[in-house]
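Undergrad: Sequence:
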Amino acid sequence: MLRLLRHTVPYAGRMPFELDITMNPVLAPLAWLVGRWEGAGVLGYPTIESANFGQELEITHDGRPFLEMSSHTWLLDDAGEKVRPLAREVGFWRVLENEEIELMLVHPFGILEMYVGRKDLDRPAIQLATDGVLRSPAAKEYNAGARMYGLVDSQLMWVMDMAAVGQPLTSHLSAQLKRVG
Numbered sequence: 303m304l305r306l307l308r309h310t311v312p313y314a315g316r317m318p319f320e321l322d323i324t325m326n327p328v329l330a331p332l333a334w335l336v337g338r339w340e341g342a343g344v345l346g347y348p349t350i351e352s353a354n355f356g357q358e359l360e361i362t363h364d365g366r367p368f369l370e371m372s373s374h375t376w377l378l379d380d381a382g383e384k385v386r387p388l389a390r391e392v393g394f395w396r397v398l399e400n401e402e403i404e405l406m407l408v409h410p411f412g413i414l415e416m417y418v419g420r421k422d423l424d425r426p427a428i429q430l431a432t433d434g435v436l437r438s439p440a441a442k443e444y445n446a447g448a449r450m451y452g453l454v455d456s457q458l459m460w461v462m463d464m465a466a467v468g469q470p471l472t473s474h475l476s477a478q479l480k481r482v483g
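Our numbering numbers the first residue of the sequence shown as 303 and each following residue consecutively.
Derived by calculation from the structure, the hints in this document are not laboratory data.
Small disclaimer: the values here were computed from a predicted structure and weren't measured.
Some hints here could point you the wrong way.
Stated by the list, open to error - No farther apart than 30 Å at their CA atoms in a straight line, the calculated lysine-lysine pairs in the DSSO-like style are these:
1) LYS384 / LYS421
2) LYS442 / LYS384
3) LYS384 / LYS480
Throw the hints in and build the complete structure from the sequences for me.
TA: Here you go:
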């Protein structure tokens, strides 16, 4: 049985959320990410048409010094209804001894990414940039990415820029997710 501790987030809005006291203490800088999130966002890139997408994101832990992340996205029509699946990614968050944050992501279309960054000391926000990208021979050209995650008014906001298919680092995705469950 998991034991939960009520904790008030010391950020704007002072919104309470549940922290699992079995979480490894090294993960404290990432504790605000843990949970199940749902919402919508916008995608676009110079080589693709802009569109809206829905997202389900779950970030969990099992007591070891990493968080597990699983994301599902799908294309939305103009009425906000699901049209078809888009991306799927799974990964792991770690806090290193020097307080750097790592995010390792795997995508089923043949790309593995290693992001490195830092948490903002004054607010729940993390900025990351790729330190390495691996592609399978069949994967589309993808060279670099940058992501930012932040908690704003109790919502998880995130953005992603990417350098791919001959384009420089350019805005690609953004989403606004609410904590659920």
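Undergrad: Need the status of pair LYS384, LYS421: alpha-carbon distance at most 30 Å?
TA: Distance ~33 Å between LYS384 and LYS421 Cα, so the pair is violated.
Undergrad: Just to be careful, I want the Cα atoms of LYS442 and LYS384 compared with a cutoff of 30 Å; is the pair within it?
TA: 25 Å, holds
Undergrad: Given the hinted pair LYS384 and LYS480, is their alpha-carbon gap at most 30 Å?
TA: Holds: LYS384 and LYS480 sit about 18 Å apart, inside 30 Å.
Hint 1 alone, counting from the list given before, is not met by this structure.
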